[in-house]
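Undergrad: Chains as they are written, first to last, in numbering that gives the first Met the number 0: chain A, 0 to 96; chain B, 0 to 421.
Source of the hints: derived by calculation from the structure; they are not laboratory data. Please note that a few of the clues may not be correct.
To be verified - Facing chain A, from chain B, some residues (calculated, C-beta under 7 Å): (1) Leu355; (2) Gly387; (3) Gly389; (4) Gly390; (5) Leu406; (6) Trp411; (7) Arg413.
For every residue, glycine included, the Cβ atom is placed at its ideal position computed from N, Cα and C.
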Amino acid sequence: MRLMVLPALAGLFLLAGAAEAAEPPPGASSCTGCHAPMKVADTVIPRIAGRKASDIVQFMREYRSGAWPSSVMGRIAKGFDDAQINAIAAWFAAQPE
Amino acid sequence: MATRRTFLKLGVAAGLAPALAPSIASAQGAGRVVVVGGGFGGATAARTLKALEPRLAVTLVEPNATYTACPFSNNVLANLRSIDRQQFGYDGVTKAGVTVAQRSATAIDASAKSVTLSDGSTLAYDRLVLSPGIDFDWNAIPGYGEAAAQIMPHAWKAGAQTVLLRQQLQSMDDGGVVVIAAPANPYRCPPGPYERASLIAYWLKIWKPKSKLLILDSKDAFSKQRLFQNAWAQLYPGMIDWVPLSKGGKVTSVDPSTLTLVTDFGRHKAAVANVIPPQKAGAIAHQAGVADRTGWCPVEPVAFESTLQPGIHVLGDAAIMGAMPKSAFAANAQAKVCAAAIVDLLAGRKPQDPILINTCYSLVAADYGISVAGVYRPDKGVLADVPGAGGVSPLEVVGGFRGQEALYASSWFRTITAEVYG
Ligand SMILES: Cc1cc2nc3c(=O)[nH]c(=O)nc-3n(C[C@H](O)[C@H](O)[C@H](O)COP(=O)(O)OP(=O)(O)OC[C@H]3O[C@@H](n4cnc5c(N)ncnc54)[C@H](O)[C@@H]3O)c2cc1C
Chain A
0 MRLMVLPALA GLFLLAGAAE AAEPPPGASS CTGCHAPMKV ADTVIPRIAG RKASDIVQFM
60 REYRSGAWPS SVMGRIAKGF DDAQINAIAA WFAAQPE
Chain B
0 MATRRTFLKL GVAAGLAPAL APSIASAQGA GRVVVVGGGF GGATAARTLK ALEPRLAVTL
60 VEPNATYTAC PFSNNVLANL RSIDRQQFGY DGVTKAGVTV AQRSATAIDA SAKSVTLSDG
120 STLAYDRLVL SPGIDFDWNA IPGYGEAAAQ IMPHAWKAGA QTVLLRQQLQ SMDDGGVVVI
180 AAPANPYRCP PGPYERASLI AYWLKIWKPK SKLLILDSKD AFSKQRLFQN AWAQLYPGMI
240 DWVPLSKGGK VTSVDPSTLT LVTDFGRHKA AVANVIPPQK AGAIAHQAGV ADRTGWCPVE
300 PVAFESTLQP GIHVLGDAAI MGAMPKSAFA ANAQAKVCAA AIVDLLAGRK PQDPILINTC
360 YSLVAADYGI SVAGVYRPDK GVLADVPGAG GVSPLEVVGG FRGQEALYAS SWFRTITAEV
420 YG
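The following block holds chain A by itself, in its conformation from the complex:
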C-alpha cells in the first residue's frame, strides 16, 4: 500500500501545480471567445495574450471609465473591479504571445 501511496502523493502535487498554473482567474476564459489564445488568420480584434499586464490593466480601466472609446469593451469592462482586472491581466501577460 505504502508503495502505491507515494507516487500518488507525488501525483497530487504535480496535478495541483499543473492545474493551478493553467486555470485562468474568473472572467479570463470568456475573453478568449474574442481574443484568440492562438494565432487566427483574418481577425481585426487585437491580440492580448502575452501583452504587458500593465497595458491590459490600463486599457480595461479606460474602457470602464469611458476615457478610451470602444464598441464593446466598455460594456464588458464595467463588469470587473480592479482586483479582477489585475488577475486577468497577469494571466494574459503570462500566456504565449
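Knowing the structure of chain A, use the given hints to seat chain B with the ligand on it.
TA: Positioned in the frame of chain A, the structure of chain B with the ligand alone reads:
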C-alpha cells in the same frame, strides 16, 4: 487538506503510476469524463478539460462527422456565404487528445454512471457533461411536425434546413411575402429571428425588391429591438412588418399544403414560410432525468452541475443559465468554466466562483453589425447580470461604427471556431 484516501484517488485520477496501481485505476476508474454533444458547448468542454489536465481520459460522443454551425448561417440565406464555411470536422479536437466516439448517446444511467451509445457499447464516467443543444417541440403548433418542416423549414439547426430555406427564397417570385414565425422565450439565439429577417430583407432588396417580409411573433418585445427597428426603417423602409403577440402575432396552427399560417387574428398566405417552433433541451437530457417540467435543465451556477442528478453537468442551450441567453458564445464560455470546475472537483478542490461574458453580434446588413453583451456571476444560486455592465450597441453612432461591429462579428466567428475546432 486532502486525506490519504483522496490522495489515492487523485493519483489514479491523474492517471499516474498505472504500472504500479492498474487494479486500483480500473476498480475506481477515476478521471474519466464523457462529453455528449460536439457543438459549441461540448467540443469546447472536451478540449478544455484535456488542456487543463492532460491526464484525464476525455471522450466526446457526437454522431456527426461534421458540425454545421448556426452562427452566420443567416448569411448563407442571403447568399453572403456558402454553407461549407459553416462546417467543421473533429480533427482538431482529436489532435487535442480527446477520444471522439462518432455515435449518439442513447441512454444515460446516472446511478451506474454510464452512457450507452448507439452501437450498444457503454462508457463509464466519473463526471458527465451534456451539451446536446435543442430539440423542437413538434406538438406546439398544430400542423407543424417533422414532415411540415420539409415544406416550411425552421432552419434553426443549420445544415440541410438552411439550404432548403435558401432554395425556396431563390425560387420564389418577386412580390411574394416571406413569413417568419418567431417563438416565445426562451429559445436558441434570442436575436436570431430578427437578424434573419434583416438579412433576408437585405437580399430581397437586391434581387426581389417588390417582396415583403412579415414576422409573426409570439412575444411583445425582442432582443436589440430598437436597434433592429431603427435599422429596418433606414435600410429596408416598408419591407419588414413585425406583428407582436398583442397584435395577433402568435401562430396557432399552420397548413403546409397551402403555405398558410393561422393566428387568432387571421390567416397569412406565404410565398416562403420559415417557422421557428418552440424548443426544449435535446432528447438525451430528458432521458437522463436532468430536464424539468419547463423542458430545460436546471443547474447550479459554479460548475453547472445538474440540480436533479449529481455528477452530470449541463451546458449551452439545453441548460437553464439564469440571465445568460442561449448562444454559441455563452455555451463556449460556460464550457471553459465547467471544464476548470470539473478538474477541481476530480482533484478534491472547491471550484472558484466564475465570471462569464456573453456577446451576441447580429448583422442587419452585410456591413452593418450590432451587439448585445452581458457579464454574469453566481448570485443566490443562479447566474445573474453583474449590475452596471453589458447592454446593447449605442442607438446613435457616427461614421463607420456599424461597419466596424460587422467586422468584429466575423472576427469573433473565426476566433471561436478556431478555438473550438481548429
Ligand atoms: C440562425 C441562428 C443564428 C445564430 N447565431 C448566433 C450568433 O451569432 N452568436 C451566437 O453566439 N449564437 C448564435 N446562435 C446560437 C448557437 O447556435 C447555439 O446557442 C449553440 O449552438 C449552442 O451550443 P450547444 O453546445 O448548446 O448546442 P449545439 O451547438 O446544437 O450542439 C449540440 C450537439 O450535440 C449533438 N447531440 C445531440 N444529441 C446527442 C446525443 N444523444 N448523442 C450525441 N450527440 C448528440 C448534436 O449532434 C450537436 O452536434 C444561432 C443560432 C441560430 C439557429
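Undergrad: Now look at each hint and say whether the structure bears it out.
TA: Evaluation of the provided hints:
1. Leu355: Holds: closest Cβ of chain A sits about 5 Å from Leu355 of chain B, inside 7 Å.
2. Gly387: holds, 5 Å
3. Gly389: holds, 5 Å
4. Gly390: At about 5 Å, which falls below the 7 Å cut-off, the nearest Cβ of chain A leaves the hint on Gly390 of chain B intact, so it holds.
5. Leu406: Interface hint status for Leu406 of chain B: holds (5 Å vs cutoff 7 Å).
6. Trp411: holds, 5 Å
7. Arg413: holds, 6 Å
Checked against the numbered hints given earlier, this structure breaks none of them.
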